[in-house]
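Participant: This is what each chain is made of:
Number of protein chains: 2
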Amino acid sequence: MTDEVRRAWAYLSRVAEPPCPELTALVAQLGPVEAAGRVKAGRVEPEVLSKVEARQELDCAANDLDILDRMGGRLITPDDDEWPLLRFRAFRGGDVLKRPNGHPPLVLWASGPTRLDEATERAAAIVGTRAATAYGEHVAADLAAGLVEREVTVVSGGAYGIDGAAHRAALACEGETVAIVAGGIDNPYPAGHSALFHRIRRECLLVSEYPPGTAPGRLRFLTRNRLVAALTGATVVVEAGLRSGAANTAGWAKVLGRSVCAVPGPVTSAASAGCHALLRDGAMLIGRAEQVVELVGRVGELAREERHPETPLDGLAPAEKRVHDALPARGAHTVDEIAALAGLPPHQVLGPLTMLELAGLVESVDGCWRIVRRRRARLSRSDGGPR
Amino acid sequence: MTDEVRRAWAYLSRVAEPPCPELTALVAQLGPVEAAGRVKAGRVEPEVLSKVEARQELDCAANDLDILDRMGGRLITPDDDEWPLLRFRAFRGGDVLKRPNGHPPLVLWASGPTRLDEATERAAAIVGTRAATAYGEHVAADLAAGLVEREVTVVSGGAYGIDGAAHRAALACEGETVAIVAGGIDNPYPAGHSALFHRIRRECLLVSEYPPGTAPGRLRFLTRNRLVAALTGATVVVEAGLRSGAANTAGWAKVLGRSVCAVPGPVTSAASAGCHALLRDGAMLIGRAEQVVELVGRVGELAREERHPETPLDGLAPAEKRVHDALPARGAHTVDEIAALAGLPPHQVLGPLTMLELAGLVESVDGCWRIVRRRRARLSRSDGGPR
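Protein sequence lines, in the order shown, are assigned to chains A and B. Just so you know, we're using the numbering used here here: the first sequence kicks off at 2 and counts up by one. Just so you know, we're using the numbering used here here: the second sequence kicks off at 2 and counts up by one.
FYI, nobody ran anything at the bench for these hints, they're computed from the structure. Check before you lean on any hint, since a few could be wrong.
It does not matter which identical chain is used: a pair holds within one copy or between any two.
In silico lysine-lysine, DSS-like type, Cα no more than 27 Å apart, as pairs [stated by the list, open to error]:
{"#": "1", "residue 1": "K322", "residue 2": "K255"}
{"#": "2", "residue 1": "K41", "residue 2": "K99"}
{"#": "3", "residue 1": "K99", "residue 2": "K322"}
{"#": "4", "residue 1": "K41", "residue 2": "K255"}
{"#": "5", "residue 1": "K255", "residue 2": "K99"}
Isolated chain A (complex conformation) (with noise of 0.2 Å):
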């Protein structure tokens, strides 16, 4: 990229306040420096002139870019390799374009080493409410963390709470991360993950569609949630009140086609209201990573089957398992005795007794049957018992 074309694409990230499907279109007819000379210039169509006015004589390119390079940072336009290009088609859609700022970005300010493309190819977004629990954000950051392990990229806001939690797990298990901020990446809300921010910079990617400097506000947040729920195959909402920024993802999510999941918690705790809101509402439930690696994984990539737990008469038949029944818990019972508690002819039951006898589950004595007892700690494997 040249500097001129560089400096064409920072000026037009900043003239108008994005997404501005026009200036998009603008840039895509005549190429970056003539789109940014015409606009300049004022010599633009009405509608591009309205969404760019304010900022036109604004020209911080060079500022910007000289911010970005201090930080070793690049833009990412959609000429490059790494736009995420394929994730970005799910803009094309009826329903995305109605929604207000149902638009891909122009261009994207990035730093870190990750590659967008690659990192997004296969990822799921961490999203929930600042005002986590310690459960939402043990869930988060154990969610994030089995993401990983199985080389899902976890992207979400870099906020307090259950996105810093899947952040920092991310890291921690070397796992790749992309943070998508509402402000500048010079200088990432909030502050207070300053530190948190720089190691994603240093290890992994920081990427906003604003220009540096710019401070986020409530309509920005708004507005960066459709990237984090575009550039995933899944976004998953660990905790959420009833309003919350993180139902606002799931809401791009939906209407971008990807899957919208939820973490359940207790119904008493307010943090899992928004959860359980979506839930009701059709999002997938998840308790483990490996239920979003079967939404964002390659086809046939399945969740293992939980392990139920098992009791010694789960293969008997069914004449088996009524003879057992009415053995009883002390003491023992002849032949007629077990037909008529079993409600069977005696001469059914023989064959029964005997295939729980080789099963090692009743023996005989006197002739008389009763229950081989068992180790407690063996049974009270299961959950159920009699119910």
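Add chain B to chain A, keeping to what the hints say.
Facilitator: The following block gives chain B in isolation, referenced to the frame of chain A:
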């Protein structure tokens, strides 16, 4: 009902392990007295004979009825008004009949002032593991209290843990509750709940399809579960391990065309693992009693919307939000500065500023504009803030 008829029903109730569709058909065809006579004499088709021959000669009817009378109990038969005919129609479906024991009972043994047909018209099952946590018992009690408050009967199995918590809360709120047990109602299981069962018998209803003295067994618990599901409009599993009788009840609810519901909990809690498996399998997530009433109540009896936290910025138009976002957290900006930060032409900034001023959100000082600070208590009602 004459004594002869009662004795016939009592005899038939014990002579085959219920449910026995062959015996039920015979009774429907001949009436209880004639059917009992033929069974006792062995003058029945081979498919009936094979089901009854083990207990054919065992006639405890007089004794069973004595026990029932001493308890102040009654038989509920298909000939009684109290027979829950509409509820048992669910057993007619094809999928139900394919399941082992997918049949209605022959007759029910009951004790308590509550009428079974009326109580189960508007009823929900609250079930779950015996190994409940404090969280599970709290939620079970809370749901049961909320249901009876809305005149929904709480049906359960009388077990330790979730079942007991549900029954107890329903009784404490002077609501209706029905316990369906897997053995005789004279000595219901578990013995540790005898005081609870006594109270249920005195104030509500205790029911079983097994004659007095029958011991509960593994299979009888599973068979009983179908009645819990059939006699209610929805089955709510509050806590359940991966292997749990409650999941079996939920399976019956599904095949019987009832709503299957589950309460979520921490994904770190083994006692919620069965609930989460049900939720992943399509069960309805339940957090409040009203959500159950929606399923079992009258058409249109909808749960109140959950109250979302609100902030003073909720009602703002997009341009107003954008202008508000452009104002600094501290200090003030000129109109031109606001225009550049918001990315709006200056002439599009004054209107929104005026509206924000009228709403008491911003004020102008010496030609500059700043945010009006509010008491924190008011703003902290929102979960989100930026995200």
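Participant: Starting from the hint list further up, note which numbers the structure goes against and sort them upward.
Facilitator: 2, 4
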